[in-house]
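Asks: Protein chains in written order, with the numbering used here: chain A, 135 to 653; chain B, 157 to 322; chain C, 582 to 689; chain D, 138 to 665; chain E, 8 to 729.
Read the hints as simulated data drawn from the structure, not as lab findings. Possibly wrong hints are sitting among the right ones.
Claimed, not checked - Distance condition first, Cα-Cα at most 30 Å in a straight line; then the derived DSS-like pairs of lysine-lysine:
hint: 1; chain 1: E; residue 1: Lys418; chain 2: D; residue 2: Lys606
hint: 2; chain 1: D; residue 1: Lys606; chain 2: D; residue 2: Lys623
hint: 3; chain 1: A; residue 1: Lys266; chain 2: A; residue 2: Lys533
hint: 4; chain 1: A; residue 1: Lys519; chain 2: C; residue 2: Lys688
hint: 5; chain 1: D; residue 1: Lys602; chain 2: E; residue 2: Lys612
hint: 6; chain 1: A; residue 1: Lys317; chain 2: C; residue 2: Lys688
Please read these numbers as outputs of a predicted model, since none were measured by experiment.
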Amino acid sequence: MDGLVLLYLSPELILIAASLLIFGLDLVWRGRGSQTLGIVALVALFLSLIVTPLIAFRADPTELLSIKWGNQIALFCKICGPTVADLSYWEPALVADAIYVSDNLTNFFRIIASITGIVVLFASFDFMRGRKFVGEFYALFLLAIAAMMMMAGSTNLLMIFLTLEFLSIVSYILTGYLRENKKSNEAAIKYFLFGAIASAIMLYGMSMFYGATGSLNLAQIGAVITADTNYEVLALFAAALMLAGIGFKIALVPFHMWAPDAYEGAPTPVTAFLSVGPKVAGFAILLRLTLQVIYVYQFDWVALYSVVAVITMTLGNVIALTQSNVKRLLAYSSIAQAGYMLIGVASISGSGQPLDGVNAVLIYIAAYLFTNLGAFLVVIAIENKTGAVDISQYGGMIKRAPALAILMTYFMLSLAGIPPTAGFLGKFFVFGSAINSGLAWLAVIGVINSVISLFYYMRVIRPMFFDPTPEGAQPISYSRWLQTGLVVTAVMTLLIMLFPTPLFNLVSYGTQIFGIAMR
Amino acid sequence: MDLIGIISQVVFFLVAALTLAAAFATVLLRNVFHAGLALVGTFFGVAAIYLMLEAEFLAIVQVLIYIGAIAVLILFAIMLTRSLMKNEDSGMNKQWAWAAIAISTLFLGMFIVILQVPWLLNTSVIGTDIVPFLGTELLTTYLLPFEIVSVLLLATLIGAFIIARE
Amino acid sequence: MINDIPLVYYLSLSAALFCVGLFGALARRNAIAVLMGIELMLNAVNINFVAFWRYGSVNPILNQAGIVFALFVITVAAAEAAVGLALVISIYRSRDTVNVEEIDLLKW
Amino acid sequence: MLSAITFIPLLGAIIILFLPSDNAIKRFAIIWSIIPLILATIAWVIFPTWPDFTLMGSYCPPDIWVASANTYLGECAPWIPVLGIQYHLGVDGISMPLVWLTTLLTTLGLFYSARVINERVKEFFALFLILEMGMLGVFVSLDLFLFYIFWEIGLVPMYFLIGIWGHDTDRPQYAAIKFFLYTLAGSVFMLLAIIALYLFSTPHTFDITLLTANRDNMPWAKDALISTLAFLGFFLAFAIKMPLFPFHTWLPDAHTAAPTAGSVILAGILLKLGGYGFIRILLPMFPGTFQSLALWIGVLAVISIVYGAFVAMSQNDFKRLVAYSSVNHMGFVILGFAAAAALTNEQVTSPELSNYFNNGAAAINGAVLAMFSHGVITGGLFFLVGMLYERTHTRELAQFGGFMAKVPIYGALLLLTAFASLGLPGLAGFVGEFLVLQGSYTTLTALTFVAVIGIVLTAAYFLWKVIQKVLLGQADEKWAKLPDLKGYEILTLVPLAVLMVLIGIYPSWILDTINQATIVVLKAVGAT
Amino acid sequence: MIQNFTLFIPVFPLLAFAIIVLLTRRNNRLSAWIAIVGIIMALVLSLGVFLESLAEGPELAQHPFYAAPIVWYPYGLATMNFGWFVDPIGSVMLFMVPTVCLMIFIYSVAYMRHSHVDEQGHHIQEDDPRYSHFFAYISLFTAMMLLLVISSSLLQFFIAWEVMGFCSYALIGFWSFRGLKEHHIDEAQVGRARGASIKAFLVTRVGDILLLTGMILLLLVTGTLDFTQMFNPDGLNNVLLADSPLPGMTWLTLIALLIFGGTVGKSAQFPLHIWLPDAMEGPTPVSALIHAATMVSAGIFLIIRMFPLFVVDSQTGGNAMMWVAIIGAFTAIFAATIGLAQNDIKRVLAYSTISQLGYMLAALGIGAFVAGSFHLIMHAFFKALLFLAAGAVIHSVGTNDMLKMGGLWRKMPITFITFMIGAFALMGIFPFAGFWSKDEILLEALRAGFYGEASPQTQTIRFVYICLAIAAFLTALYTGRQIFLTFFGKPRDEHAYEHAHESPITMWAPLAVLATFTTFLGLWNAPFIGAFTHYIGEGGLMGLPQAFEHTAFDQLAWISMFLSLGIAIGGLIVAYLIYGFRPVAAGQPDPFARLGIIYKVLVNKYWLDELYGYKINLDGTVQRGLLIRFAGALSRGSYWLDRKVIDGLVNLAGWFGRILARLWGWFDARIIDGIVNATASVTGEIAGWWRTMQTGDVQNYALIAAAGAMAFAIIFLLRSFT
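Turn these sequences into a full structure, and let the hints guide you.
Replies: Here it is, written out as structure tokens:
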């Protein structure tokens, strides 16, 4: 494996190296200087964020700045060896043996993962002040982000299983991080047991695929299955079982039951991470699985995904109506948002139009990322100072922390999909692609759901503006880090709506390899 | 069918029956410690299956790690949580009936798929020892997963330490 | 040896073992028993992989994907067991029970 | 010019956030809201000489340039090229008066609230200016995507205005969320319709002028199912906002709960967004579908008229009565649009049937003028109700009486507004109603006989409930020391009163502007 | 060339109105003067135009003074223009209206000063608290009447018509509110005025919407509302004769009847007459203004303006004119009967006005265009005179009730003389105006009914003649009764009698002027002079050039003249026998009451008020009857519908949700009893219900997940089999 190839693994390697460094430093400083460890983690994440475009660039004289977001693919495969292939489009044959691919989609998710990491770190600096095992927390968190990135890049059943388990295990540890807190413990054990069972079921599905095709690589499995239609039984049966594992990660309905409890129990920064990280990586795997393996049986998986999407949205939105704990409400809200994303996946039609399912999912992910993290940042800011987690305790927030109240309103509106926000753009694309691929009924149900969702999003805002401030409540101050986090997420939520072209370029670059790029 | 074939079939059924019995025991025995021991029995059965499938290295790994490490770990955990002394009544929870029904239909489905799907069948004889090839493959093709697993184990080590430390 | 015992036997054995493991995971009250169930399920999957490798692969010597996968499954199972038991012990320490049904502080 | 008018209020709102003291905010807000009023007046005054399509230093793709020949003060800028979305603003004869009315009512609303609102002043004025931006945006945007965004922007500030500053006796929070949910439920179906239009138009576009211009060779127009569904999507959103009969139940709650300035804007402008939608989107883009459904929409309109009047008659809360009167008046507007839509193609195009064309144009003129004058009249009415509430702290009609003697100036203005509202000729209400009737007798003759009964009912409930109960009869002792209107209150009402009389006596100063646009719309309708 | 300034005629009173309202509200004297100056300038200009049109002569009918410069509003490619239109009958109206109004203005300067005895017992003369308002309203009223007379388009006509309706509402309701300190009017009067004003406005409003509909249908069918273009021959013949949506009726007939509906509302004809008697609650000059000079005559003037429409309709077989005649005649006799039984001096005159209006409509109905218009002009003068005189009586005696008066001729000689002149004119006694115009109508009716050639209408014209004859007799009877009750016989109320005094000069001067007009104006159309007939009749009608044939004063004319004179004097004699011979003593019931049931019916005005459901009692309370109670119920019903049904859809869903929850609870109590009470809506119910799926037991979760995965896998399995 020559040095050049390592370049295409650099984001993950940087993060892993940084986490090892943090472990080491923590050992040496024996618990002091936890703040600097945080800074190290932040620097590592920024580094990986900057390195990704560097990998993606490819000197192209024809382009304006002679820089083209090329699509080299670093393949780590048996036959072709760890070589760098310069492909404009993703032929399965070429990448038949690849275990791990660092292509456009991976780069897209690397950017998303590193941004998630940065924002969640902003949130956790405050939270971690004065707790034990701070160094370990940051190190494990970096590993989790690395696992996310690797999940996006893996095109091999083994790699998918491994990275998924890696992310799960680190998440279990992070969820159970507050040892003395009963809820955190319970959340961790529940998350662990549910996750272990789900991944076992997924494993069984994977073994089925291996049995039928003799290979672990997605592209090869896809080729074999599309070639011979009497594999349809196996393909769908195994895919359904695999959906258990992936569904668990994304928290789609039949597999979502762990989410509300885990979100409520886990420390809030970890909840923020859980609500975005695994969900987004899960969609990366779902995209690869759908587009490369079972793409030919369009009727089946469209039906499956639409049904699951409808149940997920409706159940998520409806139950959220009666929640009074903010974290639990946001849990059900993120389940519902997963439902909207699944509409995008269900309406993938390869029509090459901008309003295609693939673009819709990636845009929705970007929009959801900033909005949800923003909302969690506000929750964290409030919880850090007042420990309030229930909506009723949010009384008169407009007086105590006007900026927080206004931002929370903005984020809630974005989640509900009210226009001047990124959430609206995401929903617009998702419903547009649904109509475009003939699933108009799905769009209608989606739209009704977003109206229902407005009700509980407004329930969060109502006490802030209308209820009187509880007596003896002094204004809420929050650290500079949280401020920067809030500013970043709010500005991005607005910018995505007002000047979406850069995001569209990134997304079309991301989907280029599937030949459904947005011209 | 020659004599060796019959013998091997008999041996397979014997081993399979033993493994399944041990598995059922693990699941049904009320006393968790006895269940732990039954689990060890199952692991031995699985190791035997590997031997029959000419994956000797894996059989040894199974015995060493599963029985040596994981089963022991589980037994320690049982002792640590003193559920040994407490004589719990039936180990089943309220929903075992529903679970039984669901799982039997799942098994039925799996069985149909197993019978139905045209699995790849190219019976080739393994002459030599495959372990060195396994080694090379591990360090060439599957080098990346190998590294990832190492980091995973490190993380687990530290994580378990954080959570369970006194 | 290979053609005496058809592949289907192994697969059905692994399916049975998987279902027993799943039943153990879903029906047992003790958390550790659930863990045992999970281990059973993972073992069943390993049997599956090794069987497919032995019967299915064109060149079982050079292409030992099944065995490699089994190996990784074992290691991950070990890691999972470690974390799982750590969690069980910490739950036991704070709630003095490992009965899964009683761990329902977080609901509705 | 239009971008300036739309975004100056937003700039004002942002500046307000940084102003220290309350009355600094109040003074600033009032002065700041006068700027868009002046700009709108200038735009309207130079209307006859409007350069046909001035490109304010912005580039419009050629087909959009051709299609928006009849809109003025156009501004174009590429916004989201991937989806073909243009930041395309433009104004024509129909939207210009409504833009002007928005700026006027906002200035008056702010001017009045400066004296009345004293707690959480900063939020009130900031939200008010954002609301103004939302409303102005809807009237000026010619791109469906932009239209939808401004449509929704208007909702949030109104929700807070009703919720926070509403009268706590009328469950303001319930009314606020009901308003928000009703309008949102309608507008999300409009979103689906917009997307459907985008997907099924040959050069994928959101541009209103483009969709109207070459509507006939667009796939969505040819396919009956899509055009009907899209039509119903838009219709639902506008009918809820309008409010048309079955969808009106949010209006009384929202009105009674909203603060005075809030309900002035709610009745004055927000109801007109629905009407504007009818004339800008439904009529030009779906003439065939609208024509086939014109009778049913007419029936709903007439029910609104008669039903609104009857329910208003049984109210004993002054504000609720005025709210239901809005349902009554808006019924006429929709009747006008339905009548214009019911014109068959050959009636619109053939020269010898020009009588039908003229009456159709009268219907649209009447509807748009009715919207404008209803904005002025009901704005005035809500101010009067607010002023009465400030003095008597009750809106119970039964407790008033003999105020004509006690507070003569207030009495005179209420008399003028009430009679304008019930459509006395010589005042604003009549001209709009007469034109609508002129148009609707042409096509929906039978329905109009019932609508005309509505006029008598309107007169009945206004005289009976408003003038009889409030002004006439024997004054009660407890109102002995009732103060008459103060300076600022009179100053708020004078512009509206002058407008009412001006429109009533010589309506052609506003109808010239509207008529120009109506002819264009009707010709476009007949183009098939 | 003065006619170019006709548009300024209404401007002067309008200007006066604006000045009074905006500037001189405080100063009563100044406002009165401004109003009078405004009306005088209008009168001067009108007389100028009148004289110029007289000079122009009869062919003014075919090409009148007309211009429509003002573009009121554009609609589509056409525009609606306003301007002025003066034809012969228009010019005569221009002469009559300002003159009578001027008299009323001068009269009301004094009338609006109230005298009352305060605690110390001495008289205080003070102006009405809203003195200037009164003059503002009557200036606006006159301005609108003048605008109506000169309007060139039916829409302009309609606008003036409706604003006049508003002014009548305001003036009738002039005393409908009272400040805390004011005591010039009592509680009952405030209540009655309040009821009367709204009744007047609403009833006329019903008439107005009929006119509005007719007007718009006319605009729809002929494409224009301009008087000059409306009656062009081809427009009238082909377009209007197409069949209208209503069966068996052409467009022309439908429009004509709708327009006549407007007149019925405004001029208080039979079905819609109930508002006029109650409108007496307003100050007397207002009653004079409304019920003599302007408002009611506007209704008749509308029929006169639209007469070509009616003529063509009757020529082409329509029955619009026949209906006008029948309703006119019936109202004449119907109102006259009620007039007999009224004790309020003003109500008698009110019913007499309704009856006389019925006369004019009957004349127009049988085609006697000239006679009808002449009677309109004459009636304006002598009815204004009667009202003002009655006002003088009330002002001095302090009460309206005739039973409390008697023998006033000594105390108020001038009022007595002028009242007598007016009464004789009303009865149609020889030298006075009424005689000539009423006789003319009876003559026309007689000639057309009995001596003209047989035509489908002769039966109706005979019926009309008989009604008019009886009505003439009854008119004489009730006028005589009025004279004897008020002026002759012994004073029945001592207090009222000694309180009575002659009215000041500003009040009796107008009476004198009107009296002179009443006596001499009749000669204008006397049999041999016939100047009026020549001027109005010769030119024919707009669009119908052939003139009204003017039959010489033949021997039949003599007979009908004596016949009508005889009827009038006979009525007077009968009245004298009942009331004059043995004057009614104080406290004695009205001798007419001896008729028993007939009297009761007439006193209760045929119980029409109760039928309509809006009877205003003497004490000012309003007795709600059938129609109004029905409307109230309907409105409460629709409000309930609005609250419960439509708004309740959401709550209804909540109710449905609760049923579902209870059903579920029945067989699974363990889960349900744990539910937090769900929100109102069904989504809330379901949410609360689904929420409990989250039982907290992770194995439960895992089971659902496994079952889900298994379900998907099995479904796919089954699907791939089929």
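Asks: Next, verify each hint and record whether it holds.
Replies: Each hint tested on the structure:
no.: 1; hint: Lys418/E with Lys606/D; verdict: violated, 43 Å
no.: 2; hint: Lys606/D with Lys623/D; verdict: holds, 23 Å
no.: 3; hint: Lys266/A with Lys533/A; verdict: violated, 34 Å
no.: 4; hint: Lys519/A with Lys688/C; verdict: holds, 26 Å
no.: 5; hint: Lys602/D with Lys612/E; verdict: holds, 28 Å
no.: 6; hint: Lys317/A with Lys688/C; verdict: holds, 11 Å
Hint violations for this structure: numbers 1 and 3, all remaining hints satisfied.
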